[in-house]
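Protein chains: 2
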Amino acid sequence: MAKPVATRGFARERVLDAALDLFAAHGVSGTSLQMIADRLGVTKAAVYYQFHSKDEIALAVVKPVYDDIEHLLRITETLPTAEARRSVSMSGMVELIIRHRRVSSVFYGDPTVHHLLETNDEYRRIGDRLADVLLGPAPDNSTRVAISMLSAGVHGCVNDPMIADLDDAELQKILLDFTKRFLEVCVPAQ
Amino acid sequence: MAKPVATRGFARERVLDAALDLFAAHGVSGTSLQMIADRLGVTKAAVYYQFHSKDEIALAVVKPVYDDIEHLLRITETLPTAEARRSVSMSGMVELIIRHRRVSSVFYGDPTVHHLLETNDEYRRIGDRLADVLLGPAPDNSTRVAISMLSAGVHGCVNDPMIADLDDAELQKILLDFTKRFLEVCVPAQ
Chain L
1 MAKPVATRGF ARERVLDAAL DLFAAHGVSG TSLQMIADRL GVTKAAVYYQ
51 FHSKDEIALA VVKPVYDDIE HLLRITETLP TAEARRSVSM SGMVELIIRH
101 RRVSSVFYGD PTVHHLLETN DEYRRIGDRL ADVLLGPAPD NSTRVAISML
151 SAGVHGCVND PMIADLDDAE LQKILLDFTK RFLEVCVPAQ
Chain A
1001 MAKPVATRGF ARERVLDAAL DLFAAHGVSG TSLQMIADRL GVTKAAVYYQ
1051 FHSKDEIALA VVKPVYDDIE HLLRITETLP TAEARRSVSM SGMVELIIRH
1101 RRVSSVFYGD PTVHHLLETN DEYRRIGDRL ADVLLGPAPD NSTRVAISML
1151 SAGVHGCVND PMIADLDDAE LQKILLDFTK RFLEVCVPAQ
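So the sequence lines, in the order shown, correspond to chains L and A.
Numbering (the working numbering) for the first sequence: 1 to 190.
Numbering (the working numbering) for the second sequence: 1001 to 1190.
By construction, these hints were calculated from the structure, which means they are not laboratory data.
Do not take every clue at face value.
Claimed, not checked - In silico DSS-like links for lysine-lysine, alpha-carbon gap of 27 Å or less:
{"#": "1", "chain 1": "A", "residue 1": "K1044", "chain 2": "A", "residue 2": "K1054"}
{"#": "2", "chain 1": "A", "residue 1": "K1063", "chain 2": "L", "residue 2": "K173"}
{"#": "3", "chain 1": "L", "residue 1": "K54", "chain 2": "A", "residue 2": "K1054"}
{"#": "4", "chain 1": "L", "residue 1": "K180", "chain 2": "A", "residue 2": "K1180"}
{"#": "5", "chain 1": "A", "residue 1": "K1054", "chain 2": "A", "residue 2": "K1173"}
{"#": "6", "chain 1": "A", "residue 1": "K1173", "chain 2": "L", "residue 2": "K180"}
{"#": "7", "chain 1": "L", "residue 1": "K180", "chain 2": "L", "residue 2": "K44"}
{"#": "8", "chain 1": "L", "residue 1": "K44", "chain 2": "L", "residue 2": "K63"}
{"#": "9", "chain 1": "A", "residue 1": "K1063", "chain 2": "A", "residue 2": "K1044"}
Just so we're clear, the structure is a prediction, and the values are computed from it rather than from any experiment.
Here chain L stands alone, though its shape is the one from the complex:
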């Protein structure tokens, strides 16, 4: 009985890998189930056996990222001050985005993916919890802009082709340093 399950798991991973390559090259909107099947050298029916829609594939591709964000939140939400919650969450997000460098390049900034994530209850709740720890209670406009700018800056930089020659360790070191300094000078403690 073990073999079909193993094969199925393997096929699932292969579909997700192929999908991620295609999403990165063409965006989610520009990728079809047929393209995924063609890349794997299988029929569209074989892909349907694993996933019932492209949306389901896109959600499965980002699942490990959301699992890690949830894990980070379970740690940071217990911290005693808003500043500690914010700075530990932001540092954790820097590490997490670099760890998921390939996936984050696809799911960040794509309007189709954004809509998909927003309409998924589980992911939206995690996104809301992340916003809560990063923004803190009753954030003013300046704090909101700072967190938005910093989040976009980290995501965008990690996915910038001009920075692709930097290895993950060096990029992480520099980004963690900049993130800390930015919070210090732009988001005063409450």
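Starting from the known structure of chain L, fit chain A onto it as the hints suggest.
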């Protein structure tokens, strides 16, 4: 003889406006010439009369942004120090991105648009000149990360739906302040 030209100019603007709306909602990949025609209530042939491909429309949509970047560069490239060139260019870019808020939300971060802009000689040259003034001569990795992070941060924040309630003037004031502080603490003068 004046009327056909005026009509043509009017139709051109209408196509660009409709295209921008659709690009914003579906991405460039997810938008077809047929969708643009449908939105305008005209035939695809009527759109073809103005533009020969979707790429041509996308390039025309971003043209005013590149015209403004070129104008900014003509000013900043004459400044005497690398620090002045960098900080004036970055402040100018903040203003420019806010001025072109709608267009920048479409052309930033979309892999299709990125490819299109990279393969257009005129736009690529302007992009290279902008990178030169922002990075300065022989930038180290830290400076490269800082400029990438700051550029992505400003673009991403301006297009962040969570920030959409801030008016342009307030957003610009806060972003100019953060940009200045970030450069001060993260990009030491050479």
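Tested hints:
{"no.": "1", "hint": "K1044/A x K1054/A", "verdict": "11 Å, holds"}
{"no.": "2", "hint": "K1063/A x K173/L", "verdict": "37 Å, violated"}
{"no.": "3", "hint": "K54/L x K1054/A", "verdict": "24 Å, holds"}
{"no.": "4", "hint": "K180/L x K1180/A", "verdict": "16 Å, holds"}
{"no.": "5", "hint": "K1054/A x K1173/A", "verdict": "36 Å, violated"}
{"no.": "6", "hint": "K1173/A x K180/L", "verdict": "22 Å, holds"}
{"no.": "7", "hint": "K180/L x K44/L", "verdict": "47 Å, violated"}
{"no.": "8", "hint": "K44/L x K63/L", "verdict": "23 Å, holds"}
{"no.": "9", "hint": "K1063/A x K1044/A", "verdict": "23 Å, holds"}
Hints 2, 5, 7 from the list above are not met by this structure, while the remaining hints are.
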